[in-house]
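Student: Starting from the known structure of chain A, fit chain B onto it as the hints suggest.
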Amino acid sequence: MTSRLENRYRVLLRALPEWYRAEREQEMLAVWLAERTDELDLEYGWPGWAETRSLLGLALRTRLSGPPRSAALGDAVRLVALIGLLVQVGLGTAYAVNIVLSPVADLLALVLDLLLAVGSVGALASLATGRRVQGLVLGLVALVPSLLGLASHPALWAIANALPEWATALCLVLGYHREAPLPKARPWLTATALASGLGAAWWGALSLLPRDGSALWVQVDLGVAPGWALSLAGLVLLVRPRPAARLAVAASLLLLLPERLVLLSQFSVVLPQAVTMAVLAMALGVAGLRDLRRLPGTPPALA
Amino acid sequence: MYRGAIYTRVMSVRGMSEQTLLVLTALAEQPLHGYAIVKAVHELSGGRLELRVGTLYGVLDRLVADGWAERDREEVHQGRLRRYYRLTGDGLRALAAEVTRLEATVRAASTVLRAVGGLA
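If you're matching them up, the sequences are chains A and B in order.
The first sequence maps to residues 1 to 303 in UniProt numbering.
The second sequence maps to residues 1 to 120 in UniProt numbering.
Bound conformation, chain A alone (with noise of 0.2 Å):
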């Protein structure tokens, strides 16, 4: 008769997919129950927590890698960290040029923009160069500021500005486990500095204007950037079937669009865009889940 650990146990292995269950359930309950033959044991232990920690990271890893419908789905989670990344270092630099520019010093926002900016490209940068807890530790700094601006102003569009980078450092501790692909060198650290610069020369030309709150500011706020840079990429991504590409611009689409909406409620003139967005990442979303469907779903050696 199955005892009540070994259906805890059981339970606990529903976290892997069902084709890792089907090859390994037997044996790893055989390896958890070999040493606890104890009747009491049996009937009312638990499975420890060391091992439901090595377990859901071992759900991770195979769910976020392996077969070709897994590892595609990693790698969208890992692209929209690393899209995420981009944007931060984006407005991180376009925030702190602005307050240098700025006549009024506020030093602690200057230190916050470049928290922001500085662990944004670190993060990058370490992730590129194969440094991949740096990446992690530098992507997770670059949040303090969120976390910092949440506290002091918990209202709707605090939330809403807050979520890309919460997803973006979600994705990057959950797509970037021990075992994950890193990015490529050469053109992820060239999209860093051209972020960088971007984000640098589009304030440094905004500044010229008069920041009144118009309706003409809201257009070429900075928000704006990055959902029209994605935008741009998704339609591309229409008519270029890839899975996890198409998968991430429509994630990170719909993480910039609560912004543009919060926006929406004062500026009728972020609607366009904020459509656009919206198609976009909903025709994206469908296109990339019917392409991740098509994909094996177990290894080719199982299936």
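Derived by calculation from the structure, the hints in this document are not laboratory data.
There's no promise every hint is true.
Unchecked claim - Computed Cβ-Cβ distance ranges for the label pairs, DEER-style:
1) B:GLY79 <-> A:ARG186: 40 to 46 Å
2) B:LYS39 <-> A:ALA155: 52 to 58 Å
3) A:LEU42 <-> B:GLU103: 42 to 48 Å
4) A:ARG10 <-> B:LYS39: 22 to 28 Å
5) B:LEU119 <-> A:ARG186: 43 to 49 Å
6) B:LEU102 <-> A:ARG53: 24 to 30 Å
7) B:ARG107 <-> A:TRP166: 47 to 53 Å
Stated by the list, open to error - If you want the footprint, here are the derived chain A segments under chain B, 3+ residues with CB under 8 Å:
8) 49-55
9) 144-151
Quick caveat, the model's predicted, so the values are computed rather than measured.
Where is the CB? At the ideal position from N, CA and C, for every residue including glycine.
Tutor: The following block gives chain B in isolation, referenced to the frame of chain A:
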């Protein structure tokens, strides 16, 4: 080998993890099943390392994907499946290469320690 190729490249640059090294060492002696590998790694590490099931099968998946280990046989013991794994020729060579690398590192560290009088 979709994942194996990436992992092999990473390991050749950074060296292998202690868990992988000890699992390879355990399998070098004879084919073992999961629980026996856990016990062997515990002994080989002087009781320092307790291999969890998630970690063990993560390591085994990579070794099999890289062609360093393969399935040997299956047995049923007290109503439970025991699947044995054995080292391949490539696995043995990878273990030997890692041991050579570690020996060179230990030699270099020992030389420095002797020079500063930290090692008899």
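Student: Does 43 to 49 Å hold as the CB distance between LEU119 (chain B) and ARG186 (chain A), or does it fail?
Tutor: holds (44 Å)
Student: Is 22 to 28 Å respected by the C-beta to C-beta distance linking ARG10 (chain A) and LYS39 (chain B)?
Tutor: holds (23 Å)
Student: 24 to 30 Å was suggested as the range; check whether the CB atoms of LEU102 (chain B) and ARG53 (chain A) agree with it.
Tutor: holds (28 Å)
Student: So the hint says 47 to 53 Å: do the beta-carbon atoms of ARG107 (chain B) and TRP166 (chain A) match that?
Tutor: holds (48 Å)
Student: Examine the region 49-55 of chain A for residues whose CB is less than 8 Å from any CB of chain B, and state whether their number is three or more.
Tutor: Check passed, 5 qualifying residues.
Student: When I compare C-beta atoms, does the region 144-151 of chain A have three or more residues closer than 8 Å to chain B?
Tutor: Contact hint for the region 144-151 of chain A vs chain B: violated, 0 residues under 8 Å.
Student: Quick one: are LEU42 (chain A) and GLU103 (chain B) within 42 to 48 Å, going by C-beta?
Tutor: For GLU103 (chain B) against LEU42 (chain A), whose Cβ atoms are near 46 Å apart, the range 42 to 48 Å holds.
Student: For the range 52 to 58 Å, tell me whether the beta carbons of LYS39 (chain B) and ALA155 (chain A) fit it or not.
Tutor: holds (57 Å)
Student: With respect to the beta-carbon atoms only, verify the hint that GLY79 (chain B) and ARG186 (chain A) lie 40 to 46 Å apart.
Tutor: Given a distance of about 56 Å, which is not inside 40 to 46 Å, the answer is violated.
Against the hints set out earlier in the document, violations occur for numbers 1, 9.
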